[in-house]
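Visitor: Residue numbers (this note's numbering), protein chains in the order written: chain A, 538 to 920; chain B, 11 to 335; chain C, 39 to 119; chain D, 7 to 334.
Hints are computed from structural coordinates only; laboratory data are not their basis.
These figures come from a predicted structure and were not determined experimentally.
Just so you know, not all the hints are guaranteed correct.
[As the list claims (entries may be wrong)] Label-pair restraints from in silico Cβ distances:
| # | chain 1 | residue 1 | chain 2 | residue 2 | range |
| --- | --- | --- | --- | --- | --- |
| 1 | A | Leu559 | D | Ala204 | 19 to 25 Å |
| 2 | B | Ser276 | A | Ala741 | 55 to 61 Å |
| 3 | B | Gly85 | D | Gly311 | 36 to 42 Å |
| 4 | C | Asn108 | A | Ile875 | 36 to 42 Å |
| 5 | B | Ser276 | D | Asp239 | 50 to 56 Å |
[Unchecked claim] A few chain B residues facing chain D, derived, Cβ under 10 Å:
| # | residue |
| --- | --- |
| 6 | Arg63 |
| 7 | Glu71 |
| 8 | Gly78 |
| 9 | Asp103 |
| 10 | Phe120 |
| 11 | Pro123 |
From the three backbone atoms N, C-alpha and C, an ideal C-beta is built for every residue, glycine too.
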Amino acid sequence: MYRFRMPSLGADMEAGTLVEWLKHPGDPVHRGDIVAVVETDKGAIEVEIFVDGTMGRQLVPLDSKVPVGTPLAEIEGAEEEKEAKAPAPAAAVPAPATPSPKPAAAPASVQGLRASPAARKLAAQKDVDLAALKGTGPGGTIVLHDVERAAAGAKLPHRGLDLEKMRAAIAAAMARSKREIPHYYLATDIDLSAALAWLEKTNAARTPEQRLLPAVMTLKSVALAAKKYPAFNGFYDPAKGFAPAKAVHIGNAVAIRGGGLVSPAIHDCDRLTLDQLMEKLRDLVARAREGRLRSSEMSDATVTVSSLGERGVESLYGIIYPPQVAIVGFGTVTRRPIAVDEKLEIRSVVTATLAADHRVSDGHLGARFLKHMAALLQEPEKL
Amino acid sequence: MSGEVTYRDACREAIRDAMKRDPRVFLMGEDVGHYGGCYAVSKGLLDEFGPERIRDTPLSESGFTGLGIGAAMNGMRPIVEIMTVNFALLALDQIVNNAATIRHMSGNQFGVPLVVRMATGAGKQLAAQHSHSLEGWFAHIPGLKVLAPATLEDARGMLWTALEDPDPVLIFEHVMLYNMTGSLAAEAGAVAIDKAAIRREGKDVSLITYGGSLPKAVDAAGQLAKDGVSAEVIDLRTLRPLDDETIMASVRKTRRAVIVDEGWRSGSISAEISARILEQALWSLDAPVARVCSAEIPIPYPHHLEEAALPQVPAILAAVRGTLG
Amino acid sequence: MNKDEIRSVVVKELGKIAPETDATSIDPDADLREELDIDSLDFLNFLTALHKRTGVNVPEPDYRKLLTLNGAIAYLADKLK
Amino acid sequence: MSAQKLHLTRESLLGLLHQMTRVRRFEEKCDELYQSEKIRGFLHLAIGEEAISTAVMANLTPDDAVVATYREHGHALVRGVPARDIMAEMYGKAEGCSRGRGGSMHLFSAAHRFYGGYAIVGGGLPLAAGLALADKMQGKRRVTACFFGEGAAAEGEFHETMNLAELWKLPVLFICENNLYAMGTRLDLSESQTDIHAKAQSYKIPSESVDGMDVVAVDAAAARAVAAIRTGDGPHFIECKTYRFRAHSMFDPQLYRSKEEVEEWKKRDPIPRLTNWMREAGMLHDKDIEKIEADVKDEIADAVGFAESGTLEPVSEMTRFVHAEAAP
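Could you build the full structure based on these sequences and the hints that come with them?
Guide: As structure tokens, then:
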């Protein structure tokens, strides 16, 4: 016995309301006859029947909304179409629209700490505590290199600074310097007591952020001397001879943690105040150690200064960096007895040395250069 | 053709070479014949090949693009020139609903071996309606291939490979490149169209770009080198399919990505590339992916505003520095 | 700030100055300049950081009191009592 | 019926009757299958318009090409696409003529140069002209028949295509099935010029209007137009005035037209019109009709069985043919 069901009358129709029967139980029906009217969201639609037979029991009360497929009436004398056994649809396993690549397992995240994904991943692998690191990435973010350095204990070259390459470069420059430049050497002891006293008085009134180091005074004295004696501030080209530099850019040798040396230039050092020089020094040393020096800073020093700092020996004789023509060395400041007006006094003394290119200048001029530096250091407030 | 040539010359030689080699190839578009092409790419071709194969069309972008599709389905290899991507909006229905769809929808019964060439991009003060850069839209559509030749070799070599492709290929020629001059080998010929190219090696940051923005990226990389920053420049060449392999290899090396895209950033090709980098190379990143795109405004007419709206070298340098910290 | 907090601040700041050596594993009474190969600028940066993090402004004459790990911790603890 | 059709033979008229009956019964079956949710999506029936596709296809050779619209089941059937392949396509089965991917609105068959149904009104017109352009450029003397409704005349693509086709003298036969309603909008509510073939004449295309409910009249007009096109004198345009007895598509309560109008047009149903005319001319016996109805019933039952037992394309295959695959 065929059951007349609520038909699907549109793609987005889920249910319909039977509002009127046009055929009543006992009436004959033929394929194509309109047997009922169904109300849908879009309006009333006349519904046809697709079988021949006689209208039987009507199963759904009028004005009741029923889902598509609900039997509405029985039709006697008509057979339910034997459903051709439709094959079970192939297992329609929904393949993901585009196979998204499997994201690697995320390392345990460290709250609040700004670290790049690459840094987090390596830190997790190498068991490095991110909290202990100082980030050199954008906005102080800890980047992979910071973790690499921490993990490998500083032996690793700074990003951008390859220690082996640097060592090779220094070796080549020094060897060439020794081969080509006829060095002569001079030294003098300079009493820094006045300078250091002035510095101590100046720093006492300052917080650590603004305090000065002795290095700024020695660097400034070299810059002013180089300004006065251009024969020590320029470049020597075997073909064209010596060319004095137009400005004074002091190459300040900086030791890199884990070995290595680089001498970034402090531009126009002669025209900087001590405060400006201190700020420049802090910036340059920090960036030198992180391998983020600009190439311009690496290449245009006009004269170099090398210093042993607090824990070195009395005197340091440098090797000139070609194509420069001079290098000034400062040993460690020590307490030494020196004669002052026929009396022996203990003073803070530093030995300053000058190594210079004999093709450009000679000892006499070199001595006046060193003497002028020493004089400048006696009046620190004027530096 | 060799020695000093322009990008425009390279495009013309590509068309002429294709038409000489394959009788099925013909050029159809507005003013491609007597006028010689809005950007003079097809100058002289009408005299050489005649009106049958160099067909000026009425201003009916949907019409003649549809004709190109039908002709391609029936044995020809048409090159349809839509003067600029701005007018291609009128042909979107034919390109998206017909060209890109028919092979798949017909169960592989019919293909559309059609090439559509369009000028794109801003920089000539043509104002909002003539300065669009919408190649990213088309790169959204499965069934299409989308190319952006940025060098003389690619302008000369991509067309033949595209014509041989059994499916529709769109070629976007940036308006600011037409006058680019350089040397091109006499025997320069067809090039592959499925791979990106590394235009400059580098290890600190990957500059990912295409088409008209390539010269700016190369310029930026040069300036960065002076500051000790080694930038790698990737010329995408194809926007669909994107060459994920080359992009990710570079980003995994440099850990930083800056994408330069003249489209508007929302829903742009740069957004797609950025998403793919996050999906495939997240754990190599040391900084968020940066994007340098056009300002999200209709491109203004006055020179100073247009310059300010478009991605420029200073913005690229700033974006790179942003990733370096 | 109690002693432990001071210790972690000192260790953290030394870690930033000399990241490759583990500040907790050095001899707490040895000269930091030798242990961690720190120069005058590093030491000044160390004091600058301590000033920012704890508010204690160490005058130059007191520098030698902070040359060891224990010394630095004791000095700060005293100042922050 | 136009009397000047002299050489009408019983055999050719029976052929037309058989085709129209095939389309009519096929569409009725689709209507039933849609209501039992076997066919989904959109379904546009051509019941009442059978004369046009039947008559035009009768004048095409296998080498000609056809471009149709979403109301295309009849066009595909009469063009020769097997009922099985069409029904399977309606069921979305892989055995369908478009691999189940196109459905009712996108039937394709390369073997029959049936270049598809298109769902964007007017979308097929430029494409059809393009097929003709290629024929002309390759010196092939064949015709592309392009079917569309009067609704397309409002689309820009209609005007761009008419101009290009005449401008370049392309071998394309435009057949406008004017059934007075673009979905729910009557023609005089959307067109200033409701005389569609006059629009084509404005582009200098030879065009005429014919009673789309008279299969013989359409046949005569198509024969003249196709013959002219084959001589190479460019496109022709036939406007067939017709009427669809059913809704635009499923789920359309037809609020836009009256029942009386529908009944009025049903009186001009092309099938009884032909059978009555043949009976008067003594060319038709009851057994002819019974045979046709029986053959058609079997053909459709077979098609439904084929579709029911069809398979679904595996999801793993769905990314195939976005692009061509390299020849094996």
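Visitor: A range of 36 to 42 Å was offered for this pair. Does it hold for the Cβ distance of Asn108(C) and Ile875(A)?
Guide: holds, 37 Å
Visitor: Does Glu71(B) pass the interface hint, meaning its C-beta sits closer than 10 Å to a C-beta of chain D?
Guide: holds, 8 Å
Visitor: So, as I understand it, the hint says Arg63(B) touches chain D; can you test that by seeing if any CB pair is closer than 10 Å?
Guide: holds, 8 Å
Visitor: Given a hint of 19 to 25 Å, does the C-beta separation of Leu559(A) and Ala204(D) actually sit inside it?
Guide: Violated - the Cβ-Cβ distance for Leu559(A) and Ala204(D), about 43 Å, lies outside 19 to 25 Å.
Visitor: 55 to 61 Å was suggested as the range; check whether the CB atoms of Ser276(B) and Ala741(A) agree with it.
Guide: holds, 58 Å
Visitor: A closest beta-carbon separation below 10 Å is what the hint needs, so does Gly78(B) meet it against chain D?
Guide: holds, 6 Å
Visitor: With respect to the beta-carbon atoms only, verify the hint that Gly85(B) and Gly311(D) lie 36 to 42 Å apart.
Guide: holds, 38 Å
Visitor: Can you verify the interface hint for Phe120(B): is its Cβ closer than 10 Å to any Cβ in chain D?
Guide: Phe120(B) check passes; min Cβ-Cβ to chain D is 6 Å, inside 10 Å.
Visitor: Using 10 Å as the Cβ threshold, decide whether Asp103(B) counts as touching chain D.
Guide: holds, 6 Å
Visitor: Against chain D, is Pro123(B) within 10 Å by beta-carbon distance?
Guide: The hint holds - Pro123(B) has a Cβ within 10 Å of chain D, the shortest such distance being about 9 Å.
Visitor: Falls inside 50 to 56 Å, the C-beta gap from Ser276(B) to Asp239(D)?
Guide: Holds: the Cβ-Cβ distance is about 52 Å, inside 50 to 56 Å.
Hint compliance for this structure: hint 1 alone is broken.
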